[in-house]
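Turn these sequences into a full structure, and let the hints guide you.
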Amino acid sequence: MKFWTTTAAAMLMATSALAQNDCAAGKTVSDGMLTIATGNPAFYPWVLDDAPESKQGFEAAVAYAVAAEMGFADDKVTWVRTSFDQSIQPGAKDFDFNLQQFSITEDREKIVDFSDPYYSSAMAVLTTQAVIDEGASADLDSLKGLIWGADANTTAVPMLTDLIGPDKEPLLYGDNVDVTAAMQAGQIDAALFDLPTALYLSAVVLEGGAILGQFPPDRSENPDQFGLLMEEGNPLKDCVNAALAALTDSGKLAAIEAEWLQQTTGVPVIE
Amino acid sequence: MTGTPLTRRQVFEARQRRRATTIAAGSTCAVLAALVLLIPLAPGWEAVKRSFFNAEVFAKTFPGLLNAFLLDIAIFAWCAPLIAALGLLVALARDLRNPALYPLRLAAMLYTDIFRGLPVILVIYLIGFGVPGLGLPRPWNSPYIWGSLALILVYAAYVAEVIRSGIESIHDSQRAAALSLGLTPSDAMRFVILPQALRRVVPANMNLFIALQKDVALLSFIGPVEIFRQAGVYKSLMANFTPYVGAALIFLALTIPATRYADHLMNRQRKARS
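From first to last, the protein sequence lines are chains A and B.
Going by this note's numbering, 177 is the number at position 177 of the first sequence; the sequence numbering is gapless.
Going by this note's numbering, 25 is the number at position 25 of the second sequence; the sequence numbering is gapless.
One thing to keep in mind: the hints can contain errors.
Not close to chain A: a few residues of chain B, all C-beta gaps over 10 Å, as computed [unchecked claim]:
1) T28
2) A177
3) V225
Straight-line distance between alpha carbons at most 27 Å, and here's what the computed DSS-like set of lysine-lysine pairs gives [claimed, not checked]:
4) B:K60 with A:K168
5) B:K49 with A:K110
6) B:K214 with B:K60
7) A:K168 with B:K214
8) B:K214 with A:K110
Treat the hints as calculated values from the structure; they're not laboratory data.
Remember, it's a predicted structure, so these values are computed and weren't measured experimentally.
Beta carbons are placed, not taken as given, at the ideal position from N, Cα and C, and that holds for glycine.
What follows is the structure, given as structure tokens:
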């Protein structure tokens, strides 16, 4: 009897060890650990309080869910920080995958690998109540006349020129903070962000901030989809995609999205 | 000259020179060959080439970069004369000898101390975002105006110091001689001292203006989409650093000739003095 229990226990251990590593085994940066990168700092609502280890925030939660699906327990996940430039520089990467609202684009795909998308983002127009009071409204004609700003590192820039085509050259900045500073200083009227970021900035950072409207993610051309960024040719990509597919099928991804990004409904749509 | 047989010394020196030239050429070729042959052997070369020297990306982005560079030139063009004027005024203020005007002299001293001691980017942020934040109406809150002002303030402080060193390098006897000829102090400065002083500091100022050509790009931090920002946008969209290389080439095309010219001026001045 004892023999059988020991064997069963050994087999159980073997299979669980196998389950943990069957796909990702030996493919991670450090053996047995999953190294995940995010921005420095990481912003709300993607990561709460700049502490991804807490699993609080949409991307932190997604990262741990993907890790669990790949067989990595929470204590087998380590975090590193990278800037955008660090994540695309050539050479060996110090992370297995990197998530900081990277939009998947064809051009970027030539240099790095992306997983399947984990979130489709609407683009939203961030502005101030003062600008709305002066008569700005959520239609293209009114939007064209505004002075625009954007974060230069985002896909908001081409979207701005393609979708809105403002009359005056837009002003571009290095990060969210500078965009809001410029808006506060009255140098720009409006800025284009992904919807969750725009909601956060208007509610917390920007004094008198308001959301004028959103461009829904399912508009025909070029939806803005976020993917996990990996080194070109990373063997882990299939495991990550399998994990994401499982999370999508089980509805877990939708649940995480509902938990962290639920306020995104109710913003008027710009036609 | 022709037909004169060379002395043994001249023959020897000519041979030494030929030998030095040969060695210099040989070692330059060897270093170049080593670079060209060895760098591609590095395991990451293919990835680096794709990210930094990507012909396709280069061709796609270069025209846009050139276009954005026009803004750099424009900013430079309106800043440079204002810097020269303000720098001269501050230098003159620091040379005031009338005790009643001491406050002015003190102000000029404080100004140069403060603005030479601050990083340009910091001044651009503080003035570019801070002053318009006071609630100025459009167009007076434009980042072009306040960003340019930040550049002007910093660079004028440097230029003022350079000009002051030029003024101080003119011997006091010149001033005394001018005054004794009946020139007023301001005429002495205008007709005797400044013409010599300014000529003397041309090379040093050239260096500052070369630096200004590059620092114009810092204005991009507060919004204007000049070449550095435009390259950053391309970099971000294509996840490729080639646009930065393109921008670097455009900068070099302007700054290298300017640097050579400054060197030439400095050499000429050294020869004239010795």
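Here's how the hints hold up against the structure:
{"no.": "1", "hint": "T28", "in the structure": "29 Å, holds"}
{"no.": "2", "hint": "A177", "in the structure": "54 Å, holds"}
{"no.": "3", "hint": "V225", "in the structure": "5 Å, violated"}
{"no.": "4", "hint": "B:K60 with A:K168", "in the structure": "24 Å, holds"}
{"no.": "5", "hint": "B:K49 with A:K110", "in the structure": "13 Å, holds"}
{"no.": "6", "hint": "B:K214 with B:K60", "in the structure": "24 Å, holds"}
{"no.": "7", "hint": "A:K168 with B:K214", "in the structure": "26 Å, holds"}
{"no.": "8", "hint": "B:K214 with A:K110", "in the structure": "31 Å, violated"}
Checked against the numbered hints given earlier, the structure breaks hints 3, 8 and satisfies all the rest.
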